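J.: Sequence:
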Amino acid sequence: MFGANLRKLSASYVSISDLSRQLGINRTQFNRYLAGESFPRPDVLSRICSFFEVDARVLLEPVDEIGAGQDPIANPFLRNFVGSGAHDIPHDVFPSGFYRFSRRSFIDHDVFVVGLVHVRRDGTNTFLRGFESRAAMQMQDLPTDGRAREFRGIVMQQEDGIAVIAARSNAMTCSFNYLSRVASFENNYWVGYVTRTVPESVGGMRASRLVYEYLGTGLAQALPAARAAGFCNRDALPPFHRRLLQPDQPFT
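Each residue of the sequence shown is one higher than the one before, counting from 1 in my numbering.
Hints are not guaranteed to be accurate.
[Said to hold, decoys possible] Within a straight-line C-alpha distance of at most 20 Å, the following computed DMTMM-like cross-link-like pairs (lysine to aspartate or glutamate) qualify:
1. Lys8 <-> Asp88
2. Lys8 <-> Glu61
3. Lys8 <-> Glu53
4. Lys8 <-> Glu37
5. Lys8 <-> Asp18
6. Lys8 <-> Asp122
7. Lys8 <-> Asp92
None of these hints come from the bench; they were simulated from the model.
No experiment lies behind these values; they were computed from the predicted model shown.
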């Protein structure tokens, strides 16, 4: 059972050699575990369980029945639904690196928000991280320290695009982003929409068009975008962002 479970847990990794190195286990010994010819010492088993986020029941019970710890996405109930889209997103579909984004402000219809996010891979997962501008936080009477402004999210592949579920620290607020690639010279733009989790109100918006522009992995392109992040009017938007956002067309 342990060998079968370990083979299933290892299936999403391209190289067993690389996986062995990450675990700090000799490749030959790891192959014995996979074949069910040997069992790990308690300290090695603990390392394997921590890495794959399972517990010692992996020795005796099918991993599909015990799940992956308390992970809300990798658990058996959601693994083949939400979990299927959240793992192994091809780099050519949504590459790691820095993205400049733009959207209309949820608070002021005549103002637009331009910001920067970073996308990275961690094993089979794809994560997103960014910071709201201080001006945006001040407008909402919220703290402006880095911890309060930071948001993180998980990226999931959809049939025709990418979805991102992101939240601020302690899940104070949450947003859903949907993006699909658009034709461009460098094939580096995505357009879609963003929604925020707030009650309906007469003067506020809860959904807006959204543009992502891939800048690459280097800081040379990311730093100017970071310095320019914040509020702007429609004329100050990057030209192709303005074209994709269609500010004169209502979002429906």
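J.: Against this structure, judge whether each hint is valid.
T.: Here is what the structure says about each hint:
1. The suggested pairing of Lys8 with Asp88 holds, with an alpha-carbon distance near 15 Å, which does not exceed 20 Å.
2. For the suggested pair Lys8 and Glu61, the alpha carbons sit about 13 Å apart, so the restraint of at most 20 Å is met.
3. Between Lys8 and Glu53 the alpha-carbon distance is near 13 Å, which keeps this suggested pair within the 20 Å criterion.
4. Distance hint between Lys8 and Glu37 is fulfilled; the C-alpha atoms sit about 16 Å from each other, no more than 20 Å.
5. The straight-line distance between the Cα atoms of Lys8 and Asp18 is roughly 16 Å, inside the 20 Å bound, and the hint therefore holds.
6. Between Lys8 and Asp122 the alpha-carbon distance is near 18 Å, which keeps this suggested pair within the 20 Å criterion.
7. Of the supplied pair hints, the one linking Lys8 and Asp92 is violated, its CA atoms being roughly 26 Å apart against a limit of 20 Å.
The structure fails to meet hint 7 from the earlier list, while all remaining hints are met.
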